[in-house]
Amino acid sequence: MTKHQSGTVLTPEERLARRRLIVRDAISLLSLFFITVVIFLLTLLLYRSFKNHEQLLGVRWRARGERALRLGRPAEAIPDLRTALAYIPDRTTEIELATALAAAGRTVEATAYFNTLLQSAPGDGMINLQLARLAARVGNQKLAVFRYQAALDGTWNGHGYAHRRQVRLELAGYLLSRNLNSQARTQLLIAESNAPDDPAIKIRIAGMLVQAGDLQSALEIYRAVSARRNPPFEAIVGAGRTAYSMGKYRVAADYLGRALAQPAARKLPAAEQAADRTMLNNANRILILFPDINLPARARAERILGAKKLAFLRLTTCMAPPVTASTSPRSVLPSQKAPFASPASLQAGANSSLSAALTATPPQLTALQTRWNQLPRRLTVWNLARQPDLEQTVLQLIYDTETITAQVCGPPTGDNALLLQIAKNPAAVEQE
Amino acid sequence: MMPDSPTSSAAPTGNIADVPGVAPAPTHDVLLGAPPSSATPPAPSPARTSLAATIDKIAPTRDERLFLVLSILIGVLSGLLVVAFRMAIEWVKILSLGSAPHAGQYRLFFVPAIAGLVVAALVVWFFPAARGSGVNQTKAALYVYDGYISFRTVIGKFLTAALALGGGLSLGPEDPSLQIGAGVASIVARKLRLSRRRLRMFAPIGAAAGLAAAFNAPISAILFVIEEVIGSWSAAVLGSLVLAAISSDVVVRWFLGSEPMFRIPAIHSLRDPRELMAYAVLGFIGGLLAPLFSLLLGYLRPRLRALPRWTQYLQPAIAGLLVGSIGYFGFPEVMGVGYHVIDQAMHGQFVWQILIALVFLKLVATTVSFTSGTPGGMFAPTLFIGAMLGGAVGAFEKHFFPGLSGTVGTYCLVGMGVLFAGFLRVPLTSVFMVLEMSGNSSIILPLILANTIAFLLSRSLQPVGIFEIFSHQDGLDLPSMEEQREESALHIEDALQPVNIPIARAADTLKSVSAILAESHAKACLIRMPDGSWYSISSDELTTAAATLSPDAAIQLAIKSDRAPQLFPDMPLDSALHHFPRWPVLPISNRASRGAVEGVLTLEDVLGRYRNPE
Chain H
29 MTKHQSGTVL TPEERLARRR LIVRDAISLL SLFFITVVIF LLTLLLYRSF
79 KNHEQLLGVR WRARGERALR LGRPAEAIPD LRTALAYIPD RTTEIELATA
129 LAAAGRTVEA TAYFNTLLQS APGDGMINLQ LARLAARVGN QKLAVFRYQA
179 ALDGTWNGHG YAHRRQVRLE LAGYLLSRNL NSQARTQLLI AESNAPDDPA
229 IKIRIAGMLV QAGDLQSALE IYRAVSARRN PPFEAIVGAG RTAYSMGKYR
279 VAADYLGRAL AQPAARKLPA AEQAADRTML NNANRILILF PDINLPARAR
329 AERILGAKKL AFLRLTTCMA PPVTASTSPR SVLPSQKAPF ASPASLQAGA
379 NSSLSAALTA TPPQLTALQT RWNQLPRRLT VWNLARQPDL EQTVLQLIYD
429 TETITAQVCG PPTGDNALLL QIAKNPAAVE QE
Chain P
1308 MMPDSPTSSA APTGNIADVP GVAPAPTHDV LLGAPPSSAT PPAPSPARTS
1358 LAATIDKIAP TRDERLFLVL SILIGVLSGL LVVAFRMAIE WVKILSLGSA
1408 PHAGQYRLFF VPAIAGLVVA ALVVWFFPAA RGSGVNQTKA ALYVYDGYIS
1458 FRTVIGKFLT AALALGGGLS LGPEDPSLQI GAGVASIVAR KLRLSRRRLR
1508 MFAPIGAAAG LAAAFNAPIS AILFVIEEVI GSWSAAVLGS LVLAAISSDV
1558 VVRWFLGSEP MFRIPAIHSL RDPRELMAYA VLGFIGGLLA PLFSLLLGYL
1608 RPRLRALPRW TQYLQPAIAG LLVGSIGYFG FPEVMGVGYH VIDQAMHGQF
1658 VWQILIALVF LKLVATTVSF TSGTPGGMFA PTLFIGAMLG GAVGAFEKHF
1708 FPGLSGTVGT YCLVGMGVLF AGFLRVPLTS VFMVLEMSGN SSIILPLILA
1758 NTIAFLLSRS LQPVGIFEIF SHQDGLDLPS MEEQREESAL HIEDALQPVN
1808 IPIARAADTL KSVSAILAES HAKACLIRMP DGSWYSISSD ELTTAAATLS
1858 PDAAIQLAIK SDRAPQLFPD MPLDSALHHF PRWPVLPISN RASRGAVEGV
1908 LTLEDVLGRY RNPE
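Line by line, the protein sequences give chains H and P. Going by this note's numbering, the residue at position 160 of the first sequence is 188; the numbering climbs one at a time, nothing skipped. Going by this note's numbering, the residue at position 301 of the second sequence is 1608; the numbering climbs one at a time, nothing skipped.
Hint data in this document are derived by calculation from the structure and do not stem from the laboratory. Honestly, I wouldn't trust all of these hints.
[As the list claims (entries may be wrong)] Taking CB as the label site, the calculated pair distances span:
id, chain 1, residue 1, chain 2, residue 2, range
1, H, 50, P, 1560, 28 to 36 angstroms
2, H, 181, P, 1560, 34 to 42 angstroms
3, H, 51, P, 1878, 43 to 51 angstroms
4, P, 1779, H, 58, 39 to 47 angstroms
5, H, 79, P, 1576, 32 to 40 angstroms
[As the list claims (entries may be wrong)] Interface residues of chain H toward chain P, partial, derived using beta-carbon atoms under 7 angstroms:
id, residue
6, 46
7, 60
8, 62
9, 68
10, 71
11, 74
12, 114
13, 117
14, 136
15, 144
16, 147
Glycine residues also receive a C-beta, built at the ideal position from the N, C-alpha and C atoms.
All chains, full assembly: derive it from the sequences and hints.
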């Protein structure tokens, strides 16, 4: 008899049974362990096979989605990318899916998705940019600008410099579309200062600066690019057009002449070509009409007298009553009687009819008339060349006449139109 | 292969009354739809009883030693089986529904219906015990069948649930995983011929392991098993539960990684306490939706079960057809388990209108799938509906109040907890589940608030929990924590009486004590021992002692070596009951003052209190 640890006395049979029990338990545990190993191997097999298949499916669906996105079929890309995400969830695919949603016009879904993506990476430049575009699409200007700014300040995976420049230009474009030209100009000037020495980028910025109304900066960029060896046609023509818009007809004529002489000019649409040619002709004609301070006194006086004649004729035409009103004092216009008479004779002959029409004449024209009447009766080249003050008075009267008659009687044509262009900024005509 | 039972050769009677200690209640058809051979354990034979007695004699500590080792082994086995189960579901899904099921595909129509038909045939012909979710079956195994779950049930659950879920029926894999785990535990415990008491305890241990593997969240699994399966806090199994759950989770993480079934999005901490209002709204809506879901299931399930037996072949197929139609006509998201849809919702891929539609369509799809008797669980659909609801409420609120800091993903997570608390009635599990899955404690305040609102509202609208409803429909009456919450348990203080009997010291003589007792007309008196303990002596015991001892002898010579138990007023009243055969009067001590008696308790006092509980 053996005393067991619990105090119970075991018989030899019981001790034998105890040993058998221990052996049996050991075998049971071993067999359980063996079964566990077998189940582990089976599970591993099942797991590996599924994971490999899952990976394969994920890659395949993502490739399909990306292809559809590249081909501009975002609606097709959406289910493909969704499926890809179910198999291989990764951030790139998520962004692609959200982009596809946005491109497919599912703005609300795309916004919700991008917002969720943003929550896990608030500084992500790409997501902020996409959200900016979506906000712009739904007309939420404040949010759009905020998101664009966040995209500019955000992080980018590689090529951050280029991405930020692109975002800034996109922001500028958006601001221009909302007529926020001043803000757009600021962004463009920053972009320009950070831009690499890439003519295409510079030309794009210059074009947008023109839209923003900063012609001076735009012209400087165009001219800088045009000064390069083998300058791009866009820069030369851009410089010409911008200079023309600024009234810098000397520069405009120079650049437009160069541009139109290039073979690339012939590839422009016909309307654009015609417009450029007109600008060039106008610029050249203006340079002929303009009494440049650097001209000899006589030549300058001759140009002033020519311009004076044109301006006065324009005034009398403008002051004449409509042709249909036969009872009106304006029914017989001095210009109709003698269109090429001298200003002095015209002035004398027309006085009576003009005085009759005074009651119906706008006060601006009346004031002009008074100023014209105050000029000396006889103006000659010699007079003008000797009296700079008089020359200046006559010039100013010519410019004012063109400006006021354009306001009262509509835009002029021919040389009067060119004089009006000069009148806008006479100092710029010969500026370099 | 392991045998179903060491006594499997013995013909099972199929009668629950044959199991000792269990009253005959439900028939097998009603209970599990299972024939006796697979659903119920064989009755313990005299040979087995004798063997157990022998083992208890020759190796009394054997069970205890094996218990912890086996807990780990069961955890590992459960983890492996659950991983295999999940892979099987995914394979079936890809092979049957294709790699990218989308609206308008014809296969969406017929695949779930065919899957339903096959599953129904398998369940009716081979695996009747595999029907349903598995939670109540595991609970029944614990409380009714001595922890017995047959090998056939485990195999059947694995196969039929994998086919049903992979085929697109709207159910979840967690409850089957729980039952598979419990089944594995039951088989292992039987193989090792553990005692009946240990056998019973292994079922919940396996259940915790299975659920931990399915959720990839061991704490939640342990809490769920305690809240729902065991129905009470039991320190005896807690250690083993933890070991099993952790070891199964280790296995799952080794295979699938540490992430839960879906990716958790960024969660921002609550910036403004006023935002709690938004979560309260979510809790309120969840509290209304949960009873609606229960009501639908509770209404439809018995009616479908009452239909002729031949319809059981068709019910899952019709459910499949209905679910397939929902998928075909635009919402394939409701088909199958739906974890990837939860993932998408959490990452803001749906607008709130779609999310609302998914809430109600999933509710319908799950109701028909479950009530048709298809094997599958309720957890994943509950998480799905909760996530969609949370996402919808979050997206709606963020749309109108953009200043809210909570992300849609946060609302989805809280929504899952809300429906878990409201529908499954496991408030603790619901909180820990979300915390465990998110790995972020900053969500705790809105989570607790919303879950509490949902739980209380749901409970007031539908007092009986869903698993209890199913139990009652099956003719079972299983204990639950929900019941305990309703109980107003009596405590000792409720029956406590002032000290109205004499008190003597151990040094007093027999004569003096007898005199005091006679004078007071009491049936017993308390004796204070020198070490501060108490002895309660009856007049009969005193008389017996007086016959052998001198009247001047100290009373401590007359008393036995044991002492009156130390009881306190806050202890349950029933804890005093088993002391009365030994002690005529029980001294009730004061917790704050050792040795001081606050009152006394007699059997009459206790019984009187039970007769008039109010």
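Any CB of chain P closer than 7 angstroms to the CB of residue 74(H)?
holds (4 angstroms)
Can the hint on residue 62(H) be confirmed by a CB-to-CB distance to chain P that is less than 7 angstroms?
violated (12 angstroms)
Go ahead and decide if the range 39 to 47 angstroms is satisfied by the Cβ distance of residue 1779(P) to residue 58(H).
With Cβ atoms ~45 angstroms apart, the hint holds.
Can the hint on residue 147(H) be confirmed by a CB-to-CB distance to chain P that is less than 7 angstroms?
Holds - the Cβ of residue 147(H) comes within 7 angstroms of chain P, reaching about 5 angstroms at its closest.
Return the status of the interface hint for residue 117(H): holds when the least beta-carbon distance to chain P is below 7 angstroms, violated otherwise.
Interface hint status for residue 117(H): holds (6 angstroms vs cutoff 7 angstroms).
With 28 to 36 angstroms as the target window, see if residue 50(H) and residue 1560(P) comply at their CB atoms.
Since residue 50(H) and residue 1560(P) have Cβ atoms about 35 angstroms apart, the given range 28 to 36 angstroms holds.
When the least beta-carbon distance from residue 144(H) to chain P is tested against 7 angstroms, hint result
Residue 144(H) check passes; min Cβ-Cβ to chain P is 3 angstroms, inside 7 angstroms.
Evaluation of the interface hint that places residue 136(H) against chain P, nearest CB under 7 angstroms:
Residue 136(H) check passes; min Cβ-Cβ to chain P is 5 angstroms, inside 7 angstroms.
Measuring from the C-beta of residue 68(H) to each C-beta in chain P, is the shortest one below 7 angstroms?
Holds - the Cβ of residue 68(H) comes within 7 angstroms of chain P, reaching about 6 angstroms at its closest.
Consistency of beta-carbon spacing, residue 1878(P) to residue 51(H), with hint 43 to 51 angstroms:
holds (46 angstroms)
Status of the hint placing residue 60(H) at chain P (closest C-beta pair under 7 angstroms):
Holds: closest Cβ of chain P sits about 6 angstroms from residue 60(H), inside 7 angstroms.
Honestly, do residue 181(H) and residue 1560(P) meet the 34 to 42 angstroms range at C-beta?
Once the Cβ atoms are compared, 39 angstroms apart, the range 34 to 42 angstroms for residue 1560(P) and residue 181(H) holds.
Figure legend: structure checked against the earlier numbered hints; the only hint not met is number 8.
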